[in-house]
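Peer 1: As given, the protein sequences belong to chains V and S, one line each in that order. Just so you know, we're using my numbering here: the first sequence kicks off at 1 and counts up by one. Just so you know, we're using my numbering here: the second sequence kicks off at 1 and counts up by one.
If you're looking for bench data, these hints aren't it; they were derived computationally from the structure. Watch out, some of these pointers could steer you wrong.
Quick list of the computed label-pair ranges, beta carbon to beta carbon [said to hold, decoys possible]:
{"id": "1", "chain 1": "V", "residue 1": "Pro27", "chain 2": "S", "residue 2": "Lys3", "range": "24 to 34 Å"}
{"id": "2", "chain 1": "S", "residue 1": "Ala227", "chain 2": "V", "residue 2": "Ala192", "range": "52 to 62 Å"}
{"id": "3", "chain 1": "S", "residue 1": "Gly111", "chain 2": "V", "residue 2": "Glu218", "range": "55 to 65 Å"}
{"id": "4", "chain 1": "S", "residue 1": "Ala43", "chain 2": "V", "residue 2": "Leu156", "range": "50 to 60 Å"}
{"id": "5", "chain 1": "S", "residue 1": "Glu164", "chain 2": "V", "residue 2": "Tyr40", "range": "48 to 58 Å"}
{"id": "6", "chain 1": "S", "residue 1": "Arg113", "chain 2": "V", "residue 2": "Asp46", "range": "35 to 45 Å"}
{"id": "7", "chain 1": "S", "residue 1": "Asp14", "chain 2": "V", "residue 2": "Arg24", "range": "12 to 22 Å"}
{"id": "8", "chain 1": "V", "residue 1": "Gly198", "chain 2": "S", "residue 2": "Glu105", "range": "37 to 47 Å"}
{"id": "9", "chain 1": "S", "residue 1": "Gly223", "chain 2": "V", "residue 2": "Gly199", "range": "50 to 60 Å"}
{"id": "10", "chain 1": "S", "residue 1": "Gly151", "chain 2": "V", "residue 2": "Ala192", "range": "32 to 42 Å"}
{"id": "11", "chain 1": "S", "residue 1": "Ala171", "chain 2": "V", "residue 2": "Leu156", "range": "19 to 29 Å"}
{"id": "12", "chain 1": "V", "residue 1": "Pro27", "chain 2": "S", "residue 2": "Glu137", "range": "16 to 26 Å"}
{"id": "13", "chain 1": "V", "residue 1": "Pro119", "chain 2": "S", "residue 2": "Ala226", "range": "36 to 46 Å"}
{"id": "14", "chain 1": "S", "residue 1": "Lys25", "chain 2": "V", "residue 2": "Gly198", "range": "17 to 27 Å"}
Here chain S is said to cover these stretches of chain V; the calculated rule only asks that three of the stretch's residues, wherever they fall, bring their Cβ under 8 Å from a Cβ of chain S [unchecked claim]:
{"id": "15", "region": "2 to 15"}
{"id": "16", "region": "37 to 44"}
For each residue, glycine too, the CB sits at the ideal point set by N, CA and C.
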Amino acid sequence: MAHRMTVVSPMALVVPPVDAAVARHWPEVQKVYLIDESLYADLGADRQITAVQERRLDTLLHYAADCGADGIVFAGSVFGAPVAQARRTIGVPVFTAYEAMIEAAFAAGRRIGVLTTSPWTMQNITADIAAYASEHGITGYELVKTVDEAARPMILDGDLVGHDRKVAATARGMADVDVLILGQFSMGTAAAEIRKDGGRPVLTAPETAVQAMRRRLEGTPS
Amino acid sequence: MSKRPRLVIVSPLDLALAAIGKAFKEEWPEGECVNLLDESLYADNDFHGETPQVVRDRIVWLFNYGIDCGADALAFTGSVFNPLIRELRKKVSKPVVTSFEGMIEEGFAAGKRIGVLSSAPQARDVLAADVKTYAAEHGIALELDARCADGAFEALQGRDDRAEHDRLIVAEAGKMQDCDAILFAQFSMGLAAAQVSARPGQVVLTAPVTTVRKLRRVVEGAGAKAAAE
Numbered sequence: 001m002a003h004r005m006t007v008v009s010p011m012a013l014v015v016p017p018v019d020a021a022v023a024r025h026w027p028e029v030q031k032v033y034l035i036d037e038s039l040y041a042d043l044g045a046d047r048q049i050t051a052v053q054e055r056r057l058d059t060l061l062h063y064a065a066d067c068g069a070d071g072i073v074f075a076g077s078v079f080g081a082p083v084a085q086a087r088r089t090i091g092v093p094v095f096t097a098y099e100a101m102i103e104a105a106f107a108a109g110r111r112i113g114v115l116t117t118s119p120w121t122m123q124n125i126t127a128d129i130a131a132y133a134s135e136h137g138i139t140g141y142e143l144v145k146t147v148d149e150a151a152r153p154m155i156l157d158g159d160l161v162g163h164d165r166k167v168a169a170t171a172r173g174m175a176d177v178d179v180l181i182l183g184q185f186s187m188g189t190a191a192a193e194i195r196k197d198g199g200r201p202v203l204t205a206p207e208t209a210v211q212a213m214r215r216r217l218e219g220t221p222s
Numbered sequence: 001m002s003k004r005p006r007l008v009i010v011s012p013l014d015l016a017l018a019a020i021g022k023a024f025k026e027e028w029p030e031g032e033c034v035n036l037l038d039e040s041l042y043a044d045n046d047f048h049g050e051t052p053q054v055v056r057d058r059i060v061w062l063f064n065y066g067i068d069c070g071a072d073a074l075a076f077t078g079s080v081f082n083p084l085i086r087e088l089r090k091k092v093s094k095p096v097v098t099s100f101e102g103m104i105e106e107g108f109a110a111g112k113r114i115g116v117l118s119s120a121p122q123a124r125d126v127l128a129a130d131v132k133t134y135a136a137e138h139g140i141a142l143e144l145d146a147r148c149a150d151g152a153f154e155a156l157q158g159r160d161d162r163a164e165h166d167r168l169i170v171a172e173a174g175k176m177q178d179c180d181a182i183l184f185a186q187f188s189m190g191l192a193a194a195q196v197s198a199r200p201g202q203v204v205l206t207a208p209v210t211t212v213r214k215l216r217r218v219v220e221g222a223g224a225k226a227a228a229e
């Protein structure tokens, strides 16, 4: 029977890039979305996560496991730490939004380009990268960071094509890196646009998460 | 009420989300729309037999979770489950609106000659059944004209031809002049509904906007009741 991968997220914007990543890297998997918009709606102005939200997230991830998930991917940048906390008591693999991408990035090099469309995401992903490096004893890496804030309103208004083009144009200024990573799950479809320019590898959170979950559940290299 | 009312919209498919969001912007911008999507409901459902107990349990769980997230009222957008939702909502502490009831109420407010228009037979039958149930419960001598716009569903799903889909629906709606109200069975039909030129006195209704208006009546009615007590 096909594995069930449940994608838990605070926003429906993740659906097109995850669909594309699954079609490309794991078409046989049964993917199930579980989306709760209250997770973002209740973030404070300072983007701090409250105890109530942590409890909600914990509840939601356990629910996803109870509903038959063989593996869970959490697709939302703000919640890396609480997801890592919650998964300790969950019996199936749970990935935070970025960990598969960060692992793949360090496998590709030490000079890493990071492109996001939100300063908050940049903060989160930078913290996640630092945590990963420290856990794995990686020193001497360098981040080349760009926040393309103008692209964010485009995707929120439904202009995915315009968003992807804008992101690709910005990525052209980030050629001199070993690997480029895209900080938002919702930037996943922009990768195709960026890759047309050639050059360094481009990693996205949905693609790396799907590939890593496949390796974990099937136990084979993909 | 100082804080914005929060409406949690529980959906088994992501198709409904954009339509609901748009309807909130148009009809009730003060209402805070929070979507709660769980595709496992359909993944584990038995569409030919009884709804499995796990799916029933999950629906109640989702309602309670939504209430725990601060919902003042909830809606469920998967019309296949409508009869079940009418049963399960009795178990929870906040009002739950099914996907068609706002539309059906507005339809009967216009008259008893109700047209149901769909692009697929299953959705037509679900809506027609809900209309009949409502008429029976309210003692209304319903005259029902339930139709399918042949080929419309295939045009949209098979060939991604939105223009042809909308054209077929508008043409079929044109044959329903005798109806006091035309009710559109699918969330994906909203754009076509806007192109239908209703005859004077006839209303053309879609589920997303009528669901939002129903939620507003429910919440504001409860608020007025609480203020009067």
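Peer 1: Next step is simple, just say for each hint if it's right about the structure.
Peer 2: Taking the hints in turn, this is what the structure says about them:
Roughly 45 Å separates the CB atoms of proline 27 of chain V and lysine 3 of chain S, a value that falls outside the hinted 24 to 34 Å. Between alanine 227 of chain S and alanine 192 of chain V, the C-beta spacing of about 55 Å keeps the proposed range 52 to 62 Å intact. Taking the beta carbon of each, glycine 111 of chain S and glutamate 218 of chain V are about 59 Å apart, inside 55 to 65 Å as hinted. Checked against the hint of 50 to 60 Å, the pair alanine 43 of chain S and leucine 156 of chain V fails, with Cβ atoms roughly 29 Å apart.
Between glutamate 164 of chain S and tyrosine 40 of chain V the CB atoms are about 37 Å apart, so this pair departs from the stated range of 48 to 58 Å. A C-beta distance of roughly 56 Å is found between arginine 113 of chain S and aspartate 46 of chain V, which places it outside the suggested range of 35 to 45 Å. Hint check: aspartate 14 of chain S to arginine 24 of chain V, Cβ distance near 20 Å, so the stated range 12 to 22 Å holds. A beta carbon spacing of about 59 Å between glycine 198 of chain V and glutamate 105 of chain S contradicts the range 37 to 47 Å that was offered as a hint.
Roughly 58 Å separates the CB atoms of glycine 223 of chain S and glycine 199 of chain V, a value that falls within the hinted 50 to 60 Å. The hint said 32 to 42 Å for the Cβ distance between glycine 151 of chain S and alanine 192 of chain V, and at roughly 33 Å that hint holds. Restraint check, alanine 171 of chain S to leucine 156 of chain V: a C-beta distance of roughly 36 Å breaks the suggested window 19 to 29 Å. At roughly 46 Å, the beta-carbon separation of proline 27 of chain V and glutamate 137 of chain S lies outside the given 16 to 26 Å, and the hint is violated.
Look at proline 119 of chain V against alanine 226 of chain S: about 42 Å separates their beta carbons, and that is inside 36 to 46 Å. For the hinted restraint 17 to 27 Å between lysine 25 of chain S and glycine 198 of chain V, the CB-CB distance of approximately 41 Å leaves it violated. With 4 residues carrying a beta carbon less than 8 Å from a beta carbon of chain S, the region 2 to 15 of chain V meets the three-residue requirement, and the given coverage holds. With 4 residues having a Cβ less than 8 Å from any Cβ of chain S, the region 37 to 44 of chain V passes the three-residue criterion, so the hint holds.
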